[in-house]
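Residue numbers (full-length UniProt numbering), protein chains in the order written: chain A, 1 to 471; chain B, 1 to 471.
For the record, the hints were derived by calculation from the structure and aren't laboratory data. Just to be clear, a hint being listed does not mean it is correct.
Once the Cα atoms are required to be at most 25 Å apart in a straight line, the calculated DSS-like pairs of lysine-lysine come out as [claimed, not checked]:
no., chain 1, residue 1, chain 2, residue 2
1, A, Lys467, A, Lys346
2, B, Lys241, B, Lys123
3, A, Lys467, A, Lys441
4, B, Lys241, A, Lys123
5, B, Lys263, B, Lys400
6, B, Lys241, B, Lys346
7, B, Lys438, A, Lys241
8, A, Lys241, B, Lys123
9, A, Lys37, A, Lys123
Please read these numbers as outputs of a predicted model, since none were measured by experiment.
Protein chains: 2
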Amino acid sequence: MTTLLDTLRTIVGPAHVLHEGDLTAWEQDWRRRVRGKALAVVRPANTQEVAAVVKACAAAGTAIVPQGGNTGLAVGSTPDDSGTQIVLSLTRMNAVRSVDTDNLTMTVEAGCILQNLQDEAEKAGVLFPLSLAAEGSCTIGGNLGTNAGGTQVVRYGNARDLCLGLEVVTPQGEVWDGLKGLRKDNTGYDLRDLFIGSEGTLGIITAATMKLYPQPAANLTAWAAVPSMEHAVALLGLAHKQLGAGLTGFEVMGQFALSLVGKHMPQLRVPFLGDENAPWCVLLENSDSESEEHARARFESLLETAFEMGCVTDAVVAENLTQAHQLWHIRESIPLAQAEEGLNIKHDISVQISRIPAFVAHTDAVLQREIPGVRLVNFGHLGDGNLHYNVQAPAEGDPKAFLREYEAHVNHLVYEAVAQFGGSFSAEHGIGELKADKLAKYQSPVALSMMRAIKQALDPQGIMNPKRVLQ
Amino acid sequence: MTTLLDTLRTIVGPAHVLHEGDLTAWEQDWRRRVRGKALAVVRPANTQEVAAVVKACAAAGTAIVPQGGNTGLAVGSTPDDSGTQIVLSLTRMNAVRSVDTDNLTMTVEAGCILQNLQDEAEKAGVLFPLSLAAEGSCTIGGNLGTNAGGTQVVRYGNARDLCLGLEVVTPQGEVWDGLKGLRKDNTGYDLRDLFIGSEGTLGIITAATMKLYPQPAANLTAWAAVPSMEHAVALLGLAHKQLGAGLTGFEVMGQFALSLVGKHMPQLRVPFLGDENAPWCVLLENSDSESEEHARARFESLLETAFEMGCVTDAVVAENLTQAHQLWHIRESIPLAQAEEGLNIKHDISVQISRIPAFVAHTDAVLQREIPGVRLVNFGHLGDGNLHYNVQAPAEGDPKAFLREYEAHVNHLVYEAVAQFGGSFSAEHGIGELKADKLAKYQSPVALSMMRAIKQALDPQGIMNPKRVLQ
Numbered sequence: 001m002t003t004l005l006d007t008l009r010t011i012v013g014p015a016h017v018l019h020e021g022d023l024t025a026w027e028q029d030w031r032r033r034v035r036g037k038a039l040a041v042v043r044p045a046n047t048q049e050v051a052a053v054v055k056a057c058a059a060a061g062t063a064i065v066p067q068g069g070n071t072g073l074a075v076g077s078t079p080d081d082s083g084t085q086i087v088l089s090l091t092r093m094n095a096v097r098s099v100d101t102d103n104l105t106m107t108v109e110a111g112c113i114l115q116n117l118q119d120e121a122e123k124a125g126v127l128f129p130l131s132l133a134a135e136g137s138c139t140i141g142g143n144l145g146t147n148a149g150g151t152q153v154v155r156y157g158n159a160r161d162l163c164l165g166l167e168v169v170t171p172q173g174e175v176w177d178g179l180k181g182l183r184k185d186n187t188g189y190d191l192r193d194l195f196i197g198s199e200g201t202l203g204i205i206t207a208a209t210m211k212l213y214p215q216p217a218a219n220l221t222a223w224a225a226v227p228s229m230e231h232a233v234a235l236l237g238l239a240h241k242q243l244g245a246g247l248t249g250f251e252v253m254g255q256f257a258l259s260l261v262g263k264h265m266p267q268l269r270v271p272f273l274g275d276e277n278a279p280w281c282v283l284l285e286n287s288d289s290e291s292e293e294h295a296r297a298r299f300e301s302l303l304e305t306a307f308e309m310g311c312v313t314d315a316v317v318a319e320n321l322t323q324a325h326q327l328w329h330i331r332e333s334i335p336l337a338q339a340e341e342g343l344n345i346k347h348d349i350s351v352q353i354s355r356i357p358a359f360v361a362h363t364d365a366v367l368q369r370e371i372p373g374v375r376l377v378n379f380g381h382l383g384d385g386n387l388h389y390n391v392q393a394p395a396e397g398d399p400k401a402f403l404r405e406y407e408a409h410v411n412h413l414v415y416e417a418v419a420q421f422g423g424s425f426s427a428e429h430g431i432g433e434l435k436a437d438k439l440a441k442y443q444s445p446v447a448l449s450m451m452r453a454i455k456q457a458l459d460p461q462g463i464m465n466p467k468r469v470l471q
Numbered sequence: 001m002t003t004l005l006d007t008l009r010t011i012v013g014p015a016h017v018l019h020e021g022d023l024t025a026w027e028q029d030w031r032r033r034v035r036g037k038a039l040a041v042v043r044p045a046n047t048q049e050v051a052a053v054v055k056a057c058a059a060a061g062t063a064i065v066p067q068g069g070n071t072g073l074a075v076g077s078t079p080d081d082s083g084t085q086i087v088l089s090l091t092r093m094n095a096v097r098s099v100d101t102d103n104l105t106m107t108v109e110a111g112c113i114l115q116n117l118q119d120e121a122e123k124a125g126v127l128f129p130l131s132l133a134a135e136g137s138c139t140i141g142g143n144l145g146t147n148a149g150g151t152q153v154v155r156y157g158n159a160r161d162l163c164l165g166l167e168v169v170t171p172q173g174e175v176w177d178g179l180k181g182l183r184k185d186n187t188g189y190d191l192r193d194l195f196i197g198s199e200g201t202l203g204i205i206t207a208a209t210m211k212l213y214p215q216p217a218a219n220l221t222a223w224a225a226v227p228s229m230e231h232a233v234a235l236l237g238l239a240h241k242q243l244g245a246g247l248t249g250f251e252v253m254g255q256f257a258l259s260l261v262g263k264h265m266p267q268l269r270v271p272f273l274g275d276e277n278a279p280w281c282v283l284l285e286n287s288d289s290e291s292e293e294h295a296r297a298r299f300e301s302l303l304e305t306a307f308e309m310g311c312v313t314d315a316v317v318a319e320n321l322t323q324a325h326q327l328w329h330i331r332e333s334i335p336l337a338q339a340e341e342g343l344n345i346k347h348d349i350s351v352q353i354s355r356i357p358a359f360v361a362h363t364d365a366v367l368q369r370e371i372p373g374v375r376l377v378n379f380g381h382l383g384d385g386n387l388h389y390n391v392q393a394p395a396e397g398d399p400k401a402f403l404r405e406y407e408a409h410v411n412h413l414v415y416e417a418v419a420q421f422g423g424s425f426s427a428e429h430g431i432g433e434l435k436a437d438k439l440a441k442y443q444s445p446v447a448l449s450m451m452r453a454i455k456q457a458l459d460p461q462g463i464m465n466p467k468r469v470l471q
């Protein structure tokens, strides 16, 4: 393989073909579940170099694993352990090519870190609303490759909904410039959305034109205690009705999830912690185009109606931005608190919002019946019907043994319940390698057959991120 | 072909296989540009019948032209004149399968008329925002097949953005049930968006799950005189900033377009007609989740700022719903006024909003230089960067002769200008047969090659709506 490495060195420069030393950052996945071995890590500086790298790999029949921030949760951006795959890292391609506030778009390279894009937008006086836990290190290319979700989806949609155009290097090393930045454009099949969410298996996203929004005049956050999941759903309906598009966040958290935050981060003051009238808490965000005063009046009116309807038993509205950040910080600390508590089994499921209460009641009961000592860490983006319905190893006993014995069974029970309720076993984290077997099992055979035909049509050599998404 | 017709009669019943008598309604396109001849018009009652019809046609190697309300503007839903193609009309499949106000979705069959869906949503106390001129007769299947746009796109997006899932019959007669109604679902490639906008060339949409929204508390409409297209764009930015998601409509109309309404519909009172300080007028809609009073206050504040900035020279705000409808009616009457004035050449183009003023100045100048007596009827959805940049035959002389002589040249000049400004020659009307040659010319060769590979992969027999979209 010396020839290929030499060619790659010529294309990107010797300093950007890494194949010795510690490559852990590129070879190991974020959750440290899998450690692969790359032939080399190649770090092109621009789209032309990406195209040339792909052409060289295609000629050599060498597989390519595109990688952004390598923060994915489904093992989609690390090489297998064969030592034959190239990791193509996009992180050097981090230019903001343009910001157009009249068109409300920005065109950015795939390796831009999400938080930097939020900051660039803010500097230009506009909002780039995609927001998720890994925003400090994930890249927009990865966000698009996995169609990332996050906390603002209830108002602004997933990464897919925020994208107006892509630049892609095809598996043949051709460059498709689809960066038009138009809000209406019906000129043939929707290739953009085909690449979004395809996790690098159909080509490499090298740049994107993303939507921007006007900055709200005020963001206000509230934390409400709700007596049941049914009431949480009713509160969501009420919030949609009264706040309209002002509703930009609607998160639900179960008391056990919050108790882990209370236990492991005692410095965080969790409202209504342990309150038996608050089996669930809801975090609401209201983004107002008028003023903070107006936002507060709308929130008060909403919460008043919700009290009267019995949807909410108690609530606090953040007095200022610091308090708002503290409330969001509690929500965002749940995964870390879970990790502090010990081993656990994570899910990323979605169900129609109207069916969430029945789904949770049913699945809780099944797990409690079948899995001794199970502890359910249930929280998520209720506004999108997306729950991180996680399972913590029992308080007593060896958590490693628990996972060994029960992980597959827990997954089976949860995914069967999701299928029974017409939901999705993969809402916002993607398929990667981790869930490729689940895709084969739960996706419709007709859909799978079309997906395989498309993969074969666009990547007949099968060199793009093999065995991810489709096995 | 008796055998195929007999098979089809067995599937859908003899009354629903039409092949004698006057089939104009199915064989002629909406704008009466093309008249085809079908082997038969087949009208299945449900998805299983659609699947069986497709299987029978696939076995016979017979081409299928799917058809909804047959209101398309790009000749995409009528048969060719060979007498060998089946028109598969979806209009009997017009059931609303379910409305779920908690999930804010409705699942509907492809043959549902758009206006009926708006009405069904309203009855359930929610909003289905897709709205366009043909809504009284077009079907949701056709809206999705062509990714229709319309007047509410600035807030709610195109048909694509309003769809959460599809049921599709593939070219092999298999049924794909993708009607999950989830707001987050990353389980493989995005087949939904591939079918949306593919104009029946990859399969037949038989049902869809569409997003619903809370009904606004009030809709308010204003009509503003603006001194230039630059000022119209500045007003748009201001409206985004001040109204946020309240901005649900932003239409621009040139004085010549309005003068045709004034001339042919004298009963309509067009504000600022002939006013030299108003070369352009803008129609704005503000949908408020609070109250009419609040909507009015927000509008007043916006218009006040706009006056101060010089974006607006005069404005009227509708006092009530009747006045609002009258203002919208003026905007919607432009195409009819154009038809009354005589023959014309229509375009459906989009350009980045920030480049619209320069595009219009450039293209106006080119046409005025190259086409003697040209009259520009320019209006459209400025909020989406989408103009119906139409050309009326000169006032003097024979309009038929003008079209014969100049239509191709006018199209050439407009589309070249669009390409030069990085825009799209087809924003919301689709490609059909009418613009398939333009797609081949203006779409990138890399994109075309991927599109052809996808068509070949999913419809290797080439029986689905042949020669539409891809030649």
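Now for the hints, and whether the structure bears them out:
Between Lys467(A) and Lys346(A) the alpha-carbon distance is near 22 Å, which keeps this suggested pair within the 25 Å criterion. Restraint check for Lys241(B) and Lys123(B): not satisfied, since their Cα atoms lie roughly 32 Å apart, outside the 25 Å limit. Between the alpha carbons of Lys467(A) and Lys441(A) the distance comes to roughly 15 Å, so the proposed pair stays at or under 25 Å and holds. For the suggested pair Lys241(B) and Lys123(A), the alpha carbons sit about 15 Å apart, so the restraint of at most 25 Å is met.
Proximity of Lys263(B) to Lys400(B) is assessed by CA-CA distance (about 21 Å); at most 25 Å being required, the pair is judged to hold. About 33 Å separates the Cα atoms of Lys241(B) and Lys346(B), which puts this hinted pair outside 25 Å; it is violated. Of the pairs offered as hints, the one joining Lys438(B) and Lys241(A) is violated, with about 44 Å between alpha carbons and a cut-off of 25 Å exceeded. The straight-line distance between the Cα atoms of Lys241(A) and Lys123(B) is roughly 15 Å, inside the 25 Å bound, and the hint therefore holds.
About 40 Å separates the Cα atoms of Lys37(A) and Lys123(A), which puts this hinted pair outside 25 Å; it is violated.
In the structure shown, a violation is registered for the earlier hints numbered 2, 6, 7 and 9, in ascending order.
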